[in-house]
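Got chain V; can you put chain S on it based on the hints?
Listed here are the chains, written in short residue letters.
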Amino acid sequence: MNDSTRRPVFTLSQVTKSYGMGNTTVHALRGVDLTVDHGEYLAIMGASGSGKSTMMNIIGALDVATSGTYELDGIDVGSLNDDALSLVRNRKIGFIFQSFNLIPRTTALANVELPLAYRGVRRKERRQRAEQALAAVGLDDRSSHEPNELSGGQQQRVAVARALVTNPAILLADEPTGNLDTVATKDVLNLLDATHRGGSTIVLITHEDEVAQRASRVIKLRDGQIYSDERNR
Amino acid sequence: MMIGETFSHGLSGVLANKLRSALTVLGILIGVAAVIVLIAVGNGSSQAVAASIQKLGTNAILVQHGSFRFGGFGGGNASSVQRDLTIDDAQALLSSTNAPDVQAVAPVKQDQGVSCTWNGNSYSTNLTGTWPSYFQISNYPVSQGTYFTNADVVSGARSIVIGQTVVTQVYGTHNPIGTTLNCGGTPFQVVGVLGAKGSSGFTDLDDVAIAPLTTVQHNLTGYGSLGSIAVEATSADSATAAQNEIYTILDGRHATSAASRDYSVINQSSILSTSQSTNQVFTVLLGAVAAISLLVGGIGITNIMLVSVTERTREIGIRKAIGANRRTILSQFLVEATLLSVVGGVAGVVIGLLVSRFQIAGVQPVILPVSVAGAFLVSVAIGLFFGSYPANRAASLRPIEALRHE
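Sequence order for the protein chains is V and S. Read in my numbering, the first sequence has 78 at position 78, and its numbers run on one by one without any break. Read in my numbering, the second sequence has 320 at position 320, and its numbers run on one by one without any break.
Isolated chain V (complex conformation) (with noise of 0.2 Å):
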């Protein structure tokens, strides 16, 4: 890649978080540093306890840091309160979970229009953009189900329309096929796949190596460091 067209989505810059006082501290993050550019497709690995899940709540502006910085698309997120980091989350994040994540006893096109309605989006243009974001997943004619009338896989897809039907600047997904069985890990991840050749820069968390392989960068967290970052060909 030349590095005049490298435009940096997020940077990371000797980030720490630690959890507790005094004696029983734990310091998940031990100084990071990460730079991610537009239209990368990163993996973040590591064993359970090595900071990943940490690492993704810094990086989704659920939490942040104790020392260092962040910045998202230009935004010094550290310094937000917590209304400022919502509106960051909805303009700037799509999120993909584990357990998907969907509201209970509501629809799957209400689910994906929840962002955009918290966001203030008029109701017509609204379900217009969710309707493309289910069709655009394959679920155009289960937009009526609730969420306990869909499959593993159906969800998870309703979860990434939710989390695209915002265009952010990055799609954050932690574990999203830790919960679905080889068929449907396979459907979510060549969707994850296609949206990366749609231009989109995704933050991929896992722990499966089938799964961080489709990636075109790979890190490895280790009590709290980077230890690896390598670029896939």
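What the hints contain is simulated information worked out from the structure, not anything from laboratory work. Watch out, some of these pointers could steer you wrong.
[Unchecked claim] Which residues of chain V face chain S? A few of them, derived with a C-beta cut under 8 Å, are:
no. : residue
1   : ASN57
2   : LEU62
3   : ASP63
4   : ASP83
5   : LEU87
6   : ARG89
7   : ASN90
8   : PHE95
9   : ILE103
10  : PRO115
11  : ALA117
12  : TYR118
[To be verified] A few chain S residues that don't get close to chain V, going by computed Cβ distances all over 12 Å:
no. : residue
13  : LEU26
14  : LYS55
15  : ASN126
16  : PHE135
17  : THR149
18  : GLY172
19  : ALA236
20  : VAL265
[Unchecked claim] Computed Cβ-Cβ distance ranges for the label pairs, DEER-style:
no. : chain 1 : residue 1 : chain 2 : residue 2 : range
21  : S       : LEU295    : V       : THR25     : 41 to 49 Å
22  : S       : LEU295    : V       : ASP193    : 53 to 61 Å
23  : V       : ASP193    : S       : LEU19     : 40 to 48 Å
Glycine residues also receive a C-beta, built at the ideal position from the N, C-alpha and C atoms.
Chain S only, in chain V's frame:
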């Protein structure tokens, strides 16, 4: 986020657990209905008492022969001489200089249990001998015929005005005007019939026959002490002043003092205000009990909303992760709590209005519109107030912790 959106999210939260929501609504419903019904009962009983006292004439003051204070009715002070209550006493009360608050006076001499007969039909009633002013003082309008006049009193005319009970008992459907009614052996000409008044407490106010004082004294009771003097104050407000003037005049004439009076004065308006204040206390107490049940209903809302927030911690986490801010979550749960209380409030108003149509413990409830509006508004406020703690808790949940919640 738009208001409609927040509302529909709140509504779906309420509907998610129908039984639980229904029971919570029931708590508010019972509270609101209880407030409305109990206040209506208190109000109804106070109006009933006021109405029955008003039938006796609110401005009326009764001066009775004998004292209530010692030895019960008519006992009087053992050490003093019992003076008669006389027509002169009555006339003294008419003095506009000594008794400016007295409007009218009527001496009364009653003969109880006088048998009145017409055409073979006989009925035993109380025959009252008095002046024409008595009709006005005691609030007895004539519905048919006329009153007897002051001239009748002077001449001792044998005219009589009878109440509805006497009419039905003696005449049935026959028109009594102009007939001769024989009471206690004296023939009276019926000149008027009183309008129906109903009863005051246990007394049938229509079971009366009223004739000129002189006629009754001459033919039936003799010229002893008057039974009482009916006095009318210029207005209900001046009744107490009139009462004091009566004390002054009669104490002067009878040479008595507050401790040794051989007569007693009963002020209707003071009875009315006493009974009204008693009833007010009663109503407030009833309302307070009902308000407590409304409060308990409110605590039910807090309780159920706290459960709901705990149950939906994960959902709150998801919503926050995808961009809901504090205010959005807060308003969603507040709307949910307020919906519960508003539905309960509306249903409570309906039930309260329905129940108030029936007699409760012998009292016909009279709805106080203010209590309906008040109970409803309080129920809404309760939703906001008791919902705000759980809603706040939901709004301040941290997304990562909420997402981790199972």
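In rising order, the numbers of the hints this structure does not comply with
none
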